[in-house]
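Going down the list, the sequences are from chains A and B.
Using the numbering used here, the first residue of the first sequence is number 1, and each one after it goes up by one.
Using the numbering used here, the first residue of the second sequence is number 1001, and each one after it goes up by one.
Treat the hints with care, since some could be wrong.
[Stated by the list, open to error] Straight-line alpha carbon distances no greater than 20 Å define the calculated EDC-like cross-link-like pairs of lysine to aspartate or glutamate that follow:
#1 K321/A - E1025/B
#2 K135/A - D168/A
#3 K1016/B - E150/A
#4 K24/A - E116/A
#5 K178/A - D1045/B
#6 K320/A - D1045/B
#7 K178/A - E67/A
#8 K135/A - E1025/B
#9 K24/A - E86/A
#10 K1011/B - D1045/B
#11 K178/A - E1030/B
#12 K153/A - E1060/B
Everything labelled a hint here was simulated from the structure, so no lab data went into it.
Since this is a predicted model, take the numbers as computed values, not measurements.
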Amino acid sequence: MTNCCCKKQKRHWITGEVKTPAGKVPRIETRITFRDKLGALRVRFAIGRMDYTVPPGLYTIGEATPESPVFVTANYKLTFDYLRCELGGTDGWILVLDTKGINVWCAAGKGTFGTEEIVNRVQQTQLDQVVAHRKLIVPQLGAPGVSAHEVQKQCGFQVVYGPVRAEDIPEFLADNFKTTPEMRRVNFDIHDRIAVIPVELVLWFKQAFGLAILITLLGGISRAGFSLAAAPRAFGLVFTGWLTGGALVPILLPWLPGRAFSIKGLWAALMLWPILSAFGFLGTLPIEIAGWGLLLTAIVSFMALNFTGTSTYTSMSGVKKEMKIAIPLQLLALIAGIIFIVLGGLQ
Amino acid sequence: MNYLKNVATLKLDVEKCIGCGRCIEVCPHEVFALENGKASITDLDACMECGACAKNCPVEALSVKTGVGCASGILSGILRGGEACCDKGGCCG
Chain A
1 MTNCCCKKQK RHWITGEVKT PAGKVPRIET RITFRDKLGA LRVRFAIGRM
51 DYTVPPGLYT IGEATPESPV FVTANYKLTF DYLRCELGGT DGWILVLDTK
101 GINVWCAAGK GTFGTEEIVN RVQQTQLDQV VAHRKLIVPQ LGAPGVSAHE
151 VQKQCGFQVV YGPVRAEDIP EFLADNFKTT PEMRRVNFDI HDRIAVIPVE
201 LVLWFKQAFG LAILITLLGG ISRAGFSLAA APRAFGLVFT GWLTGGALVP
251 ILLPWLPGRA FSIKGLWAAL MLWPILSAFG FLGTLPIEIA GWGLLLTAIV
301 SFMALNFTGT STYTSMSGVK KEMKIAIPLQ LLALIAGIIF IVLGGLQ
Chain B
1001 MNYLKNVATL KLDVEKCIGC GRCIEVCPHE VFALENGKAS ITDLDACMEC
1051 GACAKNCPVE ALSVKTGVGC ASGILSGILR GGEACCDKGG CCG
């Protein structure tokens, strides 16, 4: 991905500079413009999302004084935008860590949003010269990478964990830096789930396309020779599976039976199979119906399993356990499905 | 929504616990509660092994095996013969 013009681009969200004992600190806009929204839309669809960063360092908003709070965040532009938008009307400082353009939670899991980076960034920006207090407001989702007691030991700043969602910051500030259990809880409601659907779909588009081509080729062999007759069904069903596992399962997640995501996908496929069959989309021969149905089931279940990565409540131990059983079965269904499709074509 | 039962590797050493409440503060899924001045695990199945509690426990009373809870990450880790990693996966958007 080339994005060479990006570096020359003026950062439209910087409105000026403020002089501090530690040098000039850029002041940022707390309003989100059309350009920010357009950029957010692009990353949601996985277009150029790796380049969507903010330079690490110290920034200021409003009329900050040495007494104003310091908010620590990641240098993923989407995260940064959420934060500055919610801080409209607040005076404060924003310490942007270098998380390589990754959001707080994932960066914390990798350790780039972590103790070491906070300590380094505090020292590099000479934060102790800029503010009179010794408090850092760190988003709670950064906690997997940050050791609060270590930060205090190493740079003298006390870590106060702020709410999970930036929208709760005004209430958190008003309540004297206290989070409520609701502010600390990570939800995964329908809006959260829908927001992450496009990325998942885009990421598996190529594989789905490749599989559809493969099945077009294999399914097109008949006694009369080769034809492209299987193409509509191959593309239609592979992409139906892709869309069902990648979009419908996430939307229906709490209502699909089972705890394992692959099981939820299995149920979705088992509901879809007879419907598609009834409309004649799977062909007429039993072997065809079985073949295309198995293919569909394998894809839906696999796509659903992959949604564990995007979900906010699955554990590594759980995913590993689920995969050990699900992946071989999905592979088996895929292979059996393809064999049946080929045999159906030969009849 | 809870994930699989009895798989989370989270462990609490109650003897070491000083009841500071940090774990309750950082846990995104309300796994802990403070009982009689000590932390206790009240909802183990809600644990997603993010590791925030263990990392922030000042007396190392908590331990948990952390890692990416992401199928494509684990899969690419297995295929490449290394650690699970999701740098190129879709899980870290």
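Hint by hint, here is what the structure shows:
no. : hint              : verdict
1   : K321/A - E1025/B  : violated, 29 Å
2   : K135/A - D168/A   : holds, 19 Å
3   : K1016/B - E150/A  : holds, 18 Å
4   : K24/A - E116/A    : violated, 24 Å
5   : K178/A - D1045/B  : violated, 27 Å
6   : K320/A - D1045/B  : holds, 15 Å
7   : K178/A - E67/A    : holds, 18 Å
8   : K135/A - E1025/B  : holds, 17 Å
9   : K24/A - E86/A     : violated, 24 Å
10  : K1011/B - D1045/B : holds, 12 Å
11  : K178/A - E1030/B  : holds, 16 Å
12  : K153/A - E1060/B  : holds, 16 Å
When the structure is compared with the earlier hints, violations turn up for hints 1, 4, 5, 9 and for no others.
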